[in-house]
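Peer 1: Below are the chains, spelled out letter by letter.
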Amino acid sequence: MMGFSRAQTVAFWLMVAAILIAPAILYPVFLMKVMCFALFACAFNLLIGYVGLGSFGHAAFFGMGAYITAYTAKAWGWTPELAILAGGAVGGLLGLLFGWLAIRRQGIYFAMITLALAQMSYFLCTQWDFTGGEDGIQGVPRGALFGVISLRSDLAMYAVVAVVFLACFLLIHRIVHSPFGQVLKAIRENEPRAISLGYRTDDYKLMVFVLSAAIAGIAGGMKSLVFGIATLTDVNFPMSGEVILMALVGGMGTIFGPVVGAAVVITMQNYLAPFGAWVTVTQGVIFILCVMAFRRGVIGEIAARRRVAL
Amino acid sequence: MNLSRRALLGTVAALPAVAAAGHARAQRPTLRIGVLTDMSGPYKDIGGPLAVDAVRLAVADSGIADAGVNVEVLFADHQNKADIGSNIARQWYDRDGVDMITEGGSSAVALAVAGVSKDKNKTYLTSGPATSDLTGKACNANTIHWTYDTYMLAKSTGDAMVKAGGDSWFFITADYAFGHALSRDVGNFVTGAGGKVVGNVRTPFPGTTDFSSFLLQAQSSGAKVIGLANAGTDTANCIKQAKEFGIKSTLAGLLVFISDVHALGLQVAGGLALTESFYWDLNDRTRGFSERLWKRAPGVRAGMVQAGPYSAAFNYLRAARQMGPAEIRKDGAAVIAHLKKTPADDDVFGPSTIREDGRKLHPAYLFQVKTQAESKGPWDYYKLIGTTPGPDAFRPMKDGGCPLVQA
Amino acid sequence: MMMILGIPAPLLFGQLLLGVVNGAFYALMSLGLAIIFGMLNIVNFAHGAVFMLGAFTAWGLLNYAGIGYWWALLLAPLIVGAFGVVLEQVFISKLYKLDHLYGLLLTFGLALVIEGLVRNFYGSSGLPYRIPSELQGAQNLGFMMMPNYRGWVVVAALVMCVATWLVIEKTSIGAKLRAATENAPLVQSFGINVPLMITLTYGAGVALAAFAGVLAAPIYSVNPNMGANFIIVVFAVVVIGGMGSILGSIVTGFGLGIVEGLTRVFYPEGSATVIFVVMVIVLLARPAGLFGRAH
Chain A
1 MMGFSRAQTV
11 AFWLMVAAIL
21 IAPAILYPVF
31 LMKVMCFALF
41 ACAFNLLIGY
51 VGLGSFGHAA
61 FFGMGAYITA
71 YTAKAWGWTP
81 ELAILAGGAV
91 GGLLGLLFGW
101 LAIRRQGIYF
111 AMITLALAQM
121 SYFLCTQWDF
131 TGGEDGIQGV
141 PRGALFGVIS
151 LRSDLAMYAV
161 VAVVFLACFL
171 LIHRIVHSPF
181 GQVLKAIREN
191 EPRAISLGYR
201 TDDYKLMVFV
211 LSAAIAGIAG
221 GMKSLVFGIA
231 TLTDVNFPMS
241 GEVILMALVG
251 GMGTIFGPVV
261 GAAVVITMQN
271 YLAPFGAWVT
281 VTQGVIFILC
291 VMAFRRGVIG
301 EIAARRRVAL
Chain B
311 MNLSRRALLG
321 TVAALPAVAA
331 AGHARAQRPT
341 LRIGVLTDMS
351 GPYKDIGGPL
361 AVDAVRLAVA
371 DSGIADAGVN
381 VEVLFADHQN
391 KADIGSNIAR
401 QWYDRDGVDM
411 ITEGGSSAVA
421 LAVAGVSKDK
431 NKTYLTSGPA
441 TSDLTGKACN
451 ANTIHWTYDT
461 YMLAKSTGDA
471 MVKAGGDSWF
481 FITADYAFGH
491 ALSRDVGNFV
501 TGAGGKVVGN
511 VRTPFPGTTD
521 FSSFLLQAQS
531 SGAKVIGLAN
541 AGTDTANCIK
551 QAKEFGIKST
561 LAGLLVFISD
571 VHALGLQVAG
581 GLALTESFYW
591 DLNDRTRGFS
601 ERLWKRAPGV
611 RAGMVQAGPY
621 SAAFNYLRAA
631 RQMGPAEIRK
641 DGAAVIAHLK
651 KTPADDDVFG
661 PSTIREDGRK
671 LHPAYLFQVK
681 TQAESKGPWD
691 YYKLIGTTPG
701 PDAFRPMKDG
711 GCPLVQA
Chain C
718 MMMILGIPAP
728 LLFGQLLLGV
738 VNGAFYALMS
748 LGLAIIFGML
758 NIVNFAHGAV
768 FMLGAFTAWG
778 LLNYAGIGYW
788 WALLLAPLIV
798 GAFGVVLEQV
808 FISKLYKLDH
818 LYGLLLTFGL
828 ALVIEGLVRN
838 FYGSSGLPYR
848 IPSELQGAQN
858 LGFMMMPNYR
868 GWVVVAALVM
878 CVATWLVIEK
888 TSIGAKLRAA
898 TENAPLVQSF
908 GINVPLMITL
918 TYGAGVALAA
928 FAGVLAAPIY
938 SVNPNMGANF
948 IIVVFAVVVI
958 GGMGSILGSI
968 VTGFGLGIVE
978 GLTRVFYPEG
988 SATVIFVVMV
998 IVLLARPAGL
1008 FGRAH
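Protein chains in written order, with this note's numbering: chain A, 1 to 310; chain B, 311 to 717; chain C, 718 to 1012.
Pulled out of the complex, with its shape left as it was, chain A reads as follows (with noise of 0.2 Å):
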């Protein structure tokens, strides 16, 4: 189904269970925080497990999704829908622009070109007057779904965020199982090979940087409607650093790892809260020990002893 494998195809509906299931059990506003962090994991995997660039300012996308539908939604009344597609758009523009500026290098230079152009944006949105500057933007209303469906329910907004979620998460794995999927995976294996071969490699790489940017400016806008708020923490560097910690811990180059990573920091994340300062550490700890002793991370532990691709 869809270019699933037997144990993706598990893997996929397994995962649809506990969307459809959980909130009966779990908090559903906890949820949601989980599927956008998941999609925004998910496009930064994207970038590094696809075609091997670790961006280290990711964080610039998503809180710009997040600001921009923020702003669209409360101050020009747009519909949910409309501002989340803002969010991405603007998102992946921003990405168009970062992306073409930081492909020229690879490997660590990409990552430091990255942090500082996420670290500009950080400073720029403090000094903007429309991200409200150290308050954010507050009172975001969820507003109605078409101009009709009223999202302000949990449970509505609920579904609308796992629709989102698993569109983009299915939009992902047909990019990366296509013809554009097969390119990607020769550049990232061999580029000077696939130049040679003729492929403008280039134009590949920022194809899906666009792409990585658009979606995770997309998970930031529904973050935003879901708590009503946009603010610089969603646009400032720990973000990044979180991010990459999901799909470290989930399995980098997997495609149900960032969702088992996010799932996994963010109750980390909610267990530990009212320890403060102890977050910090155990993030810190996870990531020398993913580094250290579990470089797969969970689903990449878990494909590789069953011997499948997950």
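Honestly, the hints are just simulated from the structure, not real lab data.
No experiment lies behind these values; they were computed from the predicted model shown.
Just so you know, even glycine gets a beta-carbon here, dropped at the ideal spot from N, CA and C.
Certain hints may be false.
[What the hints assert, rightly or not] Beta-carbon label-pair distances, calculated as ranges: (1) 838/C / 268/A: 17 to 25 Å; (2) 730/C / 238/A: 33 to 41 Å; (3) 903/C / 17/A: 56 to 64 Å; (4) 890/C / 14/A: 54 to 62 Å; (5) 785/C / 652/B: 54 to 62 Å; (6) 815/C / 404/B: 39 to 47 Å; (7) 697/B / 238/A: 50 to 58 Å; (8) 447/B / 13/A: 26 to 34 Å; (9) 912/C / 494/B: 58 to 66 Å.
[Stated by the list, open to error] For lysine-lysine, the following PhoX-like pairs were computed, each having C-alpha atoms within a straight-line distance of at most 25 Å: (10) 708/B / 680/B; (11) 605/B / 74/A; (12) 74/A / 651/B; (13) 651/B / 558/B; (14) 814/C / 185/A; (15) 430/B / 650/B; (16) 506/B / 74/A.
Since chain A is already given, all that's left is putting chains B and C on it; use the hints.
Peer 2: Just chains B and C now, with coordinates in the frame of chain A:
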């Protein structure tokens, strides 16, 4: 956390027999107060664990246990992030049965929590944030702004200092909304009191650790007072570096707390002018409160942001006895309305009133930090140089733009 | 008063001088980073954290052991450098065969742990550390008051930078180090203990950062975030200067400090972003950095 509480509630609901069979606590009403503060970040010493202890002291002092009401005090770390703060508030109200939230942290967090409190019709008595918007355009019927705000700071420090002779000012302003608001508000008061603002320089925020160039500019302007329109480590760095340069002008810390003074040390901070609405050694009542708090949390003296939640919880629990615990849990807006009608009184701020726009009115004190020589012991840091009485200390209600106020 | 470009000359020269002071810190920090990157191919995200540890160690030496500033200048780098050696042995050395990214992630995690732990135990308000009495006071240079301590910082940083550069470029140890950077197995086959060199190099880079931390303690707030505030700017410096170039780090560090200082005078709001703008421009024009060679 999720599962256990739901499971517990589910069990209790499904087995009334068990509940009826002498589960004594189920019959005692329980109020829950949530202290939402910065437990681990840059404002931990301004709010933090001491604020939680203060609330616990308020519960003990209020004598509410004698009225047969159980009070639980919860706390959580908002990490100065509006999204985390609003998340916690939402969860507290939705899942954990919290009735009142206090402290509340930075302005961004407070605005978010005020919104959530209104949505869920609960009670928010906030002590930490500075923004006067909470009683202005962001006011709502479920929020009271306790302790202080930027207007109070600006008026007390600006106005009173000019009257005390500091009539030419140079501002070093952290370049973000809060810094701008602070320097603008203080500047207005300075000029209103007959002084002059001779200069204003904006320092990149966050990220500036070296203020020497800006201090130099301030010095060369010849201003008598250098207004530090910033907070936290920015202010600390300015003060330290001013000392290093031998800057002669008086420094006015526009948002400084006793914990900052303690961290800087009197050698560096001596002579600094600042405004707080509470000082532990101010009068007998505050001293009494501080001694009781010292027994629970020795070694640290509370500043206004930590003492504020005591006052909030104390008056809230008094309202609980007057309204009855069942009533107080049902309708947050009703609680606020009740608090606005009955004058508050506690050991921290003394007798005071709460205005229609949610602004609590109590005196603002202009202090000067003692020098090492003047101080007689640890935490003996302030001498009082001026007082602005409550009704005058805050922005006039008609100027705030609060939608609750009848024009 | 003479005016240059609308700014009083005394103010301008004052800012320039202060830019040099800032540049001194950038240079020292990026020097350590460049050494580590050149030798180990690791981008040491923990560099800000060890800078902070240097300052805290100086504070600790004073408050727990009564050891003052001058000894701290020697001891703190040694202590923190030793800690760096431990980190290298336990964690970092295991990653040399892997993609650079993992080294970045590991050191990022280390930074989180170090900063989180310090924040837990010492809070975030910052701790006081006084300027040593020998260096208090200021000189009246006519166009500004130059605090003695600031002058000392510039001198100490310059001396340390030049000394490091000399060791690496002009001594036989430095030659072996540079050779090992280019071709480790070959150098190893000459009987030189390359892994030991690598470990000590990491320790030395960390020690440099800690030295900067001690220098910084009296003038900035000794708080757990002091490294995090610095580190991203220092990365930009290293990228601009060229990621393995010692000379590049030193020159760029001081240079950017001056650029930042000047921006503070003419356009203060932009002084936080000017370094990144420069970085983008340099990367577009000279991808390997101003002094770098393509690695």
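Peer 1: Would you pick out the hints that fail for this structure and give their numbers low to high?
Peer 2: 7, 8, 10, 11, 12, 13 and 16
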